[in-house]
Amino acid sequence: MSYEVIGISVLWFFLYGYLIVASVDFGAGFFHFYNKVSHKNYQVNKLIQRYLSPVWEVTNVFLVFFFVGIIGFFPDTAYYYGTALLVPGSISIVLIAIRGSYYAFNTYGSKDSKIYSFLYGMSGLLIPASFTIVLTISEGSYLDISNGNVTLMLGELLTSAYSWSVVFLAIVSVLFISASFLTYYAYKAGDVPSYYLFRRYTMFWSIPTILASVLIFFAIRHHNPEHFSSMLDLSWMFILSLLFFLTAVFFIYKKRHLGAAFILVMLQFFSAWFGYGASHLPYLLYPHLTIYDGFVNETMAIALIMAFLAGLLLLIPSLYLLMRLFLFDADYIQGNK
Amino acid sequence: MFMEYDPAMYSRILTGLTLGFHIIFATIGVGIPLMIALAEWMGIRKNDPHYRLLARRWARGFVVTVAVGVVTGTAIGLQLSLLWPNFMQLAGQTISLPLFMEVFAFFFEAIFLGIYLYTWDRFKSKMKHFLLIIPVVIGASFSAFFITTVNSFMNAPQGFELVNGVITDIDPIAAMFNPATPTKTAHVIITCYLTSAFVLGMIGAFKILKGDRHVYHKKALHLTMMSAFVFSIATVVIGDLSGKYLAEYQPEKLAAAEWHFETEEEAPLVLGGYLDNNGEIKYAMEIPYALSILAHGTPGAEVIGLDQFPEEDTPPLIIHYFFDGMVFIGMYLSFVSMIYLLLSWKKQELMHSKVLLWSIIAGGPLSILAIELGWVFAEIGRQPWILYGIMRTPEGATTSDHVDAMLYLFIGLYAILGLSCSIVLKKMFNNNPAAHELEQRGLEDRGERT
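Order-wise, the sequence lines are chains L and H. Using numbering that gives the first Met the number 0, read the first sequence as starting at 0 and increasing by one per residue. Using numbering that gives the first Met the number 0, read the second sequence as starting at 0 and increasing by one per residue.
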């Protein structure tokens, strides 16, 4: 494998990690708010807090890792995307700032406030939607590159069916991933009413999730035929993704193997994510930038990969400890610790 | 603001705004874990529950500021690429290694902070819980170290060759360990510790001044002032070495900070004052030989003046005030903590006198002001360069048409965040005073039950 492919795979993998942990996190924030205003079930919210509190900071780092890494491995992306994304990127920053701060203010502050809960619940849902703009732009024809200047064609972006279908997919997937995780977590906690509530949410959000995925598939065909044809070459990955999805939903419907069901949901997104990513290669930005012409010099690439491996040696045991203490410790989940 | 739209100027203002806001939280984010560790360690060693509660309460407030630090850190991380795409394109090739490592250090810190906060009563051995703060201290200080190497690189770029606009011969390690790295990283980390000690000391002093004579606050004050004194002495020593670095590698930055116009031997140090219309220094205090000593360690040494540089390559002279302000506050902090220690040693009846308590309280905001002044000095003092000697600041900036609108957006964001954060912190501790918590936890006068 070339350094270019290793680099982009590592980054893509971290973005996948962000997709999963952030979806659980953002969805949980939204459900927390929703349950609070609809006075559904206060027990649920305690459960959500117990999961979220120790891990929220870690979520954010996955994202930072990605954008610092992409500048490191592919410095030219700074030039293309940096200039074009000033406005949408700034909006994302504002959303992230609101989400992170008000989550902490609400959780660690002295009282649970409805306004704070609203702010972090809603901003969490909008963050993935705002990030999808980057993926949309990467498909090409939304940037005007002339006289050495890069400008975003905001009008085209806002009126494009493709870009809205990606936004829609992002929002419903967040709710689906999060609900399927919380179903399992509630089950482990022995919290029966919460378990039924999240099971219902999972079933509910599974339908728009799969519909949106299919919609995107065809929206790309119209928007970027070149990408669509390479997606067809990798169609087995998308079929696999569909199978994972169906099995997961089946398990949850049958109230069986809930842990496995969540892993299947993760696999569903894993195969779709990597199918999408692999078929996107070699382009980082259609048709201007590929991983080959935007790559960092070899010395730095090796240094970054070494740093990455060393970092993993440090992080994997730490993450394991975190998960053992808070995710897989039955006593903690049940609130006995 | 009535000025012609210039994306580079707005980018500078917006970056300055984000950094200026972030640095408050980043600074205490680096220093407070160390103070928490010290308090918990004292609690275990002296078997004193007051210190343990101190660590616990500091940690509880700390996590709120960490949240703001994390999100504003994410903001500056993204803004670097959004506002300075051309610079980041070059930086990506040369200095991305420490940027990347910073994320790992922070990742490490974040994981253990999460564990630390939620395991206070989970382990049988108190030592085990104490050990969890160590990775947080290490992660925090290392992320400060890595990110400061990037700033050092901007001041003293090396580890690559630029031939006809093409970068070759890249050496990431040399880029990271450039001449500015030792003094800059040491200065940043130690002042984070110093500021944090004073900010926490301010809280203790404030409580005592308000009439809360609980020994808990006295212990807090004593621990913070003792630490502050040690850190302030280290700050003075490292500050002196930073002066010598500047004299050697960025003489025009030192010369502009000191209003040192003519190259000369036995150079005096200029304090305060102002420049009249003819560029003459008025009403300044001059300390003979002091600049020569600061720059080279001997009173007779020659110090290069601004006359050696073309005007378009020198920073604006206003940095003199930022520099003086920073140094003055540094001296003040060292003086106040020393007085406290002397009194606690010789004249204990005066150590909680109103004047001293007020001076300590003033040290809290002043130390943060010094951090701000120091960074403003460091950044404006590097002008006109974004990468010293290689890339001028406007060349690195975005060409986007909307930087001004983004500036207003972020002014609004930081105003709201700053306000909410202070309200939350205030409520948190007012609703649950230390004496109350001690009683609740059954620690009052009976020692801690196991």
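Think of the hints as simulated: they come from the structure by calculation, not from any bench. These numbers were taken from a predicted model, which means no experiment stands behind them. We treat Cβ as the ideally placed atom computed from N, Cα and C, and that holds for glycine. A few of these clues could be false.
Taking lysine-lysine pairs in the DSSO-like style, the calculated list, with each CA pair at most 27 Å apart, reads [what the hints assert, rightly or not]: (1) L:K45 - H:K426; (2) H:K426 - L:K110; (3) L:K254 - L:K187.
With beta-carbon atoms standing in for the labels, derived distance ranges [stated by the list, open to error]: (4) L:P286 - H:L368: 49 to 57 Å; (5) L:I262 - H:N46: 30 to 38 Å; (6) L:S234 - H:N430: 16 to 24 Å; (7) H:Y273 - L:V36: 52 to 60 Å; (8) H:I12 - L:V36: 51 to 59 Å.
Hint check results:
1. L:K45 - H:K426: 22 Å, holds
2. H:K426 - L:K110: 9 Å, holds
3. L:K254 - L:K187: 13 Å, holds
4. L:P286 - H:L368: 49 to 57 Å: Since P286 (chain L) and L368 (chain H) have Cβ atoms about 51 Å apart, the given range 49 to 57 Å holds.
5. L:I262 - H:N46: 30 to 38 Å: 47 Å, violated
6. L:S234 - H:N430: 16 to 24 Å: For S234 (chain L) and N430 (chain H) the Cβ distance comes to about 59 Å; the hint is violated.
7. H:Y273 - L:V36: 52 to 60 Å: This hint holds: roughly 59 Å between Cβ atoms.
8. H:I12 - L:V36: 51 to 59 Å: 39 Å, violated
Hints 5, 6 and 8, counting from the list given before, are not met by this structure.
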